[in-house]
Amino acid sequence: MQFNSIIIRSLAAGFLILGLNSCSKTSEPEPSQPYDTGVFVINRGNFSDNNGSITLINPTTKITSFDIFQKENNRAISGGISDYAEVDGKGVILVDNSTPGKDLIEIVNARTFKTVATIPSTDLENPRYVVKAGTNKAYATCWDSFNADYSFKTGYIVVIDLTTNKITKKISVQRGAEKLAVIGNDVYVGSVGGETSISIINTSTDVVSQTVEVGKNPKVIGLDANGKLWIYAGGEFVKFNVLTKAVESRTKITTANTSKSPGSFSFSKDKSSIMYIYSYYDAADGYKQKGETYSFGINDAVISTTKPLISKLFTGLSVDPLTGNIYAGFTPSYKQAGYVFRYQSNGTLIDSLKAEIAPEGFLFK
Amino acid sequence: MSSGAAYFIRYKITLLCLGVLLSMYSYAQEIPNKQIDEVKVVGFSTEHFMVGLKVQKIDSTTLARFQFQTLADFLQFQSPIALKSYGSGQLTSISFRGTSATHTAVLWNGVNINSPMAGETDFSTVPVLGFDQLSIQYGSAASCVGSGAVGGSILLSSVPQWKQKGVNLTVGGQYGSFDNYNGQTGIRFVKINKKGLQFSGKTLFYGSQYNNHFNETQRTASDGRTYAIQPSETAQKGFIQDLYLKEKNGNLLSLNIWLTDNKLTIQPDVLSFREITQSQAYRFLSGYQFRNSTVKMGFTRDIIDYGTGDFSSPSHSETDRYLVRAEHEFSIKKSDSFWNTSLRMGGEIAYYVARVDGYGGVAITESRQDIFALLRQQFTQKLTVSFNLRQAFSNQYTAPFTPSLGVEYSVISTVKNQIKFSGNIAKSYRLPTLNERYWKVLGNPNIRPESGLNKELGINWKQIVSSTINTSLGINVYHNLIDDWTYWNPDKGYRVENLQQVLTKGVEVSGSVKYLKDKKIAGLSATYAYTNSTQQKMYDVYAVDIIGKQLIYIPLHTLTGTAYIGKGDWSLNVQGFYNSERFITFDHSGRPFPPYFLINSTLSGRISIGKIQSNLLFQVNNLTDTVYPSVRKNAMPGRSFSVGLVFSSEIFQ
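Chains as they are written, first to last, in my numbering: chain A, 209 to 573; chain B, 561 to 1213.
Derived by calculation from the structure, the hints in this document are not laboratory data.
Note that the coordinates shown come from a computational prediction; the quantities given were computed from them, not determined experimentally.
Virtual Cβ for every residue (Gly too), placed ideally from N, Cα, C.
Be careful, since some hints might not be right.
[Said to hold, decoys possible] Pairs of lysine-lysine residues, derived as DSS-like cross-links and limited to a Cα-Cα distance of at most 30 Å, are as follows:
# : chain 1 : residue 1 : chain 2 : residue 2
1 : B       : Lys-1052  : A       : Lys-468
2 : A       : Lys-562   : B       : Lys-754
3 : A       : Lys-520   : B       : Lys-1000
4 : B       : Lys-723   : B       : Lys-893
[To be verified] According to the in silico footprint, chain A covers these stretches of chain B (three or more CB under 8 Å from chain A):
# : segment
5 : 654 to 663
6 : 821 to 834
7 : 864 to 871
8 : 1093 to 1106
9 : 1145 to 1156
Go ahead and model the full structure; you've got the sequences and the hints to work with.
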């Protein structure tokens, strides 16, 4: 593996020099690139098929480009895709292969989608979510491999330096580290491994500054219009004060069906309401997953489920920050292409567009 | 069970009995008029009743040439079967004529050895040297062999070598690229005592270690497609014991034992990434043929342990199957004509005990019974017909009644030319696997057996062109509609349902030319197959994207071919295999696996020094170093070389 990593290092260095050269020449305005704007659909793929992909949708013309990584690089993503984020002109793709020890991170030029570097599998295992955590810096949560009894090991965050395209540090966090939210100089880390705290990491030191007890399996949602951080933890929506680092309030969903659980949280454009998918497995109908999409206001005293926003179950939910339209990923099966349903913010259907296998995430630019 | 179903079964039993009675009656009618001889049945071959079906027999020379391969590697080049491999030395399942892995019955000495849990065989765990005879049977033969023979059957048999003398010892080994090894040692013997009692047997130990040291982490095809290499190791060992005791009057007592142990390790070098699957099979079969009756008793145990890391707490699955089968064959021949009747009737009881972690830890038992009546009637030199009936029973579900009718008609039958038409129409069925019925949450105790209707027509032309050249050409077309096709439905969290209806239809064209003069031999054989396999039924709104589209991993076009040339004890054999693109999604979205072409070659020879015979095998697999993917989209192995040497010698008279 030593030999191999030398090759990758020298390749990476080569790309860096090329990159610097191209930077020094940019005196005139750059011509527009194919991936400057659009909606990027993150298709997880079917786990054992290792066929994750990214679809680009032009929201106005509805022209769709499938598997844009393959299209630009003449090679496929070698696994499912768990997340994609843009950091200062570079795209960071987290690749999850079904074979342990084969996961990696692909770094592309965000405007051309041409490959820039690959962070090899030796540096990470089971990557989950990625965010921009400073200039030319990204954080990606990883579960690591599982114990022999399938329990989670201590999770970690890899700190990626996007000038060198290397991992500079691993920060140990909770078991089953999941979604993160960046607020100022702090990154809040949620988890699914059974722990009850969130970790707060200072992005200037890359050190966990604090862990705060919020409830079991905290899912970090994000910052609302009032500057409060929302977390779903211990079966409750938790409103968290980022200044005092303390829980402000906890609200349960009032529901007739206690077997339902919420997921795929997303803020509305004005960050005054949170929408989520509320689903369960119906034992009376062959354990078919059933559910709807609901929404509540951040100042609501009661989170009720009397009327769904959209009477449909999705595998992913996101809001276009420009138009406020809702993009919802629908997966008929993991062996056929999924669809992106688009709705107005009030839940009125606009249209549906074909994506690829298991559309779960969206990136708007 | 509803009274309707009970009535239905009773009706079918009556029909079966009636069929038997009628045929008996017809013999009785014939007896006074013509000279009839009741004939002793030699060899209880089920193929005898597969009139109108295509059965491809692989000769023992070919089997010997590929003795160090597994059936996974071997079958691919023999027939247009689609094999789905998860990687080198890893799970390889079969798709016969566009069906799924559970639709091929794999029989060992007449007993189905498909895993009762999964209903299929992992062909990467079956070595070619595990048996003496191999037949590939195309199309539905459920009435002859039972559940699962929907797309076809693979028939593996041990055969006593009565003509051999004394005791013969064999020791052999093979070493190949990627640090892969094979080894075997065994004896075969025949002993005849003064009273005419013949005793024959075979004992064989074999083992292999595939280290798969590919020395690369990925492979890139000429079209730029790059596939990662998945580090893996496979260790395989086995033991075979066949014993036969034949009385002077031909009555035969037999015992067959086959024990296998297969351990696959993915990511062997990194403990925390390691994934281990250990599968073991214990197979015991005893039989006694007394005049024209046979009784068989069998026991098989299939064990699978799957675990990660240090393999300290694997999930364990263990399934036992007890089997008793009794058959009687009436065989009547008229000495003054081609009139020849064989009627075989019998029944079997199989009892399963499953202790599977995935079933919730409690032992599950299930009993299944079968009765059958198989009739083969040769009327004239030209015309032979078979009419077979089978009914399976279970107290848990109603199995379809499966009759079949086959016809073979020789249009021309001269010394130089033989042209034969064949046709077969057959109902088929597949009983639910134990996983389908009992798997915690995902299984469905109410799952129904699948049922199919297969129709096929064939023409076969054999010609002796000259004293040195003969040729053959065969064309078969088929149409197989399979209903209640089970589907682990992703829409319901992968719970199993009788959701789909699949239509497979296709054409197979095979031809051969063979040149034989003195000690020189050369030839060419090839088979092309067009396989169209599609889902027919609308079961949810998104099935619109799927209906009528070729099923996943099944190539529309396949071509296999073999060219060989030999002189005396030496021969060179080149095999080719092509398949067209394979879709990996039901709706054909995304990029399919590209078409690929593989060539393997084998040089084999024999040198005799004194009493010792040395067989030399030199093989180059994937000669063109083609890059192609496994099911998991990892790279399959590139070009590899291997040298094998097998010594055999008579050690006692």
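Hints, one by one, checked against the model:
{"no.": "1", "hint": "B:Lys-1052 with A:Lys-468", "verdict": "holds (16 Å)"}
{"no.": "2", "hint": "A:Lys-562 with B:Lys-754", "verdict": "violated (80 Å)"}
{"no.": "3", "hint": "A:Lys-520 with B:Lys-1000", "verdict": "holds (28 Å)"}
{"no.": "4", "hint": "B:Lys-723 with B:Lys-893", "verdict": "holds (27 Å)"}
{"no.": "5", "hint": "654 to 663", "verdict": "violated (count 0)"}
{"no.": "6", "hint": "821 to 834", "verdict": "holds (count 6)"}
{"no.": "7", "hint": "864 to 871", "verdict": "holds (count 5)"}
{"no.": "8", "hint": "1093 to 1106", "verdict": "holds (count 4)"}
{"no.": "9", "hint": "1145 to 1156", "verdict": "holds (count 6)"}
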